[in-house]
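Listed here are the chains, written in short residue letters.
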Amino acid sequence: AQTVTQSQPEMSVQEAETVTLSCTYDTSESNYYLFWYKQPPSRQMILVIRQEAYKQQNATENRFSVNFQKAAKSFSLKISDSQLGDTAMYFCAFMKHDYQLIWGAGTKLIIKP
Amino acid sequence: ETGVTQSPTHLIKTRGQQVTLRCSSQSGHNTVSWYQQALGQGPQFIFQYYREEENGRGNFPPRFSGLQFPNYSSELNVNALELDDSALYLCASSPTGTGEGGTDTQYFGPGTRLTVL
Numbered sequence: 837a838q839t840v841t842q843s844q845p846e847m848s849v850q851e852a853e854t855v856t857l858s859c860t861y862d863t864s865e866s867n868y869y870l871f872w873y874k875q876p877p878s879r880q881m882i883l884v885i886r887q888e889a890y891k892q893q894n895a896t897e898n899r900f901s902v903n904f905q906k907a908a909k910s911f912s913l914k915i916s917d918s919q920l921g922d923t924a925m926y927f928c929a930f931m932k933h934d935y936q937l938i939w940g941a942g943t944k945l946i947i948k949p
Numbered sequence: 007e008t009g010v011t012q013s014p015t016h017l018i019k020t021r022g023q024q025v026t027l028r029c030s031s032q033s034g035h036n037t038v039s040w041y042q043q044a045l046g047q048g049p050q051f052i053f054q055y056y057r058e059e060e061n062g063r064g065n066f067p068p069r070f071s072g073l074q075f076p077n078y079s080s081e082l083n084v085n086a087l088e089l090d091d092s093a094l095y096l097c098a099s100s101p102t103g104t105g106e107g108g109t110d111t112q113y114f115g116p117g118t119r120l121t122v123l
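Just so you know, the protein sequences line up as chains A and B, in that order. Just so you know, the first sequence maps onto residues 837 to 949 in this note's numbering. Just so you know, the second sequence maps onto residues 7 to 123 in this note's numbering.
For reference, chain A alone in the conformation it holds in the complex (with noise of 0.2 Å):
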């Protein structure tokens, strides 16, 4: 069965620094997608950058951006120029090609005026 790891539970920083958030999953299949949502307290579950298994290129989003282990299965998402908007549940989520979402257990971030 597909997992999902988050490994900090909550990060904080200063607005204006860069963030790194940790994502590994586990997975047998070849071919899938990886996805960062954020959940800010109003309970809006918003995409922020989508990841293909098979390119090898990281995306990228504005200040939002991603590094693709495939070997490792690692997913991190990376925050540049944090905001006070930023400050939101980050969840790492995997999904195969029954395109159902396997969520991590999220990390709260803080941005810190």
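In short, the hints are calculated from the structure, not lab data. Just so it is clear, CB atoms sit at the ideal spot from N, CA and C, and this is done for glycine as well. Do not take every clue at face value.
[As the list claims (entries may be wrong)] Beta-carbon label-pair distances, calculated as ranges:
hint	chain 1	residue 1	chain 2	residue 2	range
1	A	GLN905	B	GLN23	44 to 50 Å
2	A	ASP917	B	PHE66	37 to 43 Å
3	A	VAL849	B	GLN47	19 to 25 Å
4	B	GLY34	A	GLU851	36 to 42 Å
Based on the hints, put chain B in the right spot on chain A.
Chain B only, in chain A's frame:
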């Protein structure tokens, strides 16, 4: 473009009752997935509907059931409510096809907070 909407926002029920949660998918999306998120945890997959048919189910008992309608909106029904059913219920929709913005990317609604007393 209207996003995914869910109703109601909050709901309080007592043990043994039945509840129906509703979801309207984003325009152009024909796949709806439901997730249960207990407090302080990541979501758990309940089931998915594609073109009105169940297209996969997680490890949830049969008292969790669903429907998808011709307009691709969906309902989640839970019978014989238990205290452990208290959670945030998330609905997500996704469009047809694969690739960027395709079936693999799910867009979420704001959720329904269910409290069972």
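Going down the list of hints, with the structure as the test:
1. GLN905(A) x GLN23(B): 44 to 50 Å: Holds, since GLN905(A) and GLN23(B) (Cβ atoms, about 48 Å apart) stay within the stated range.
2. ASP917(A) x PHE66(B): 37 to 43 Å: Taking Cβ atoms as reference, ASP917(A) and PHE66(B) lie about 41 Å apart, which means the hint holds.
3. VAL849(A) x GLN47(B): 19 to 25 Å: Between VAL849(A) and GLN47(B), where Cβ atoms are some 24 Å apart, the hint holds.
4. GLY34(B) x GLU851(A): 36 to 42 Å: holds (38 Å)
Hint violations for this structure: none, all hints satisfied.
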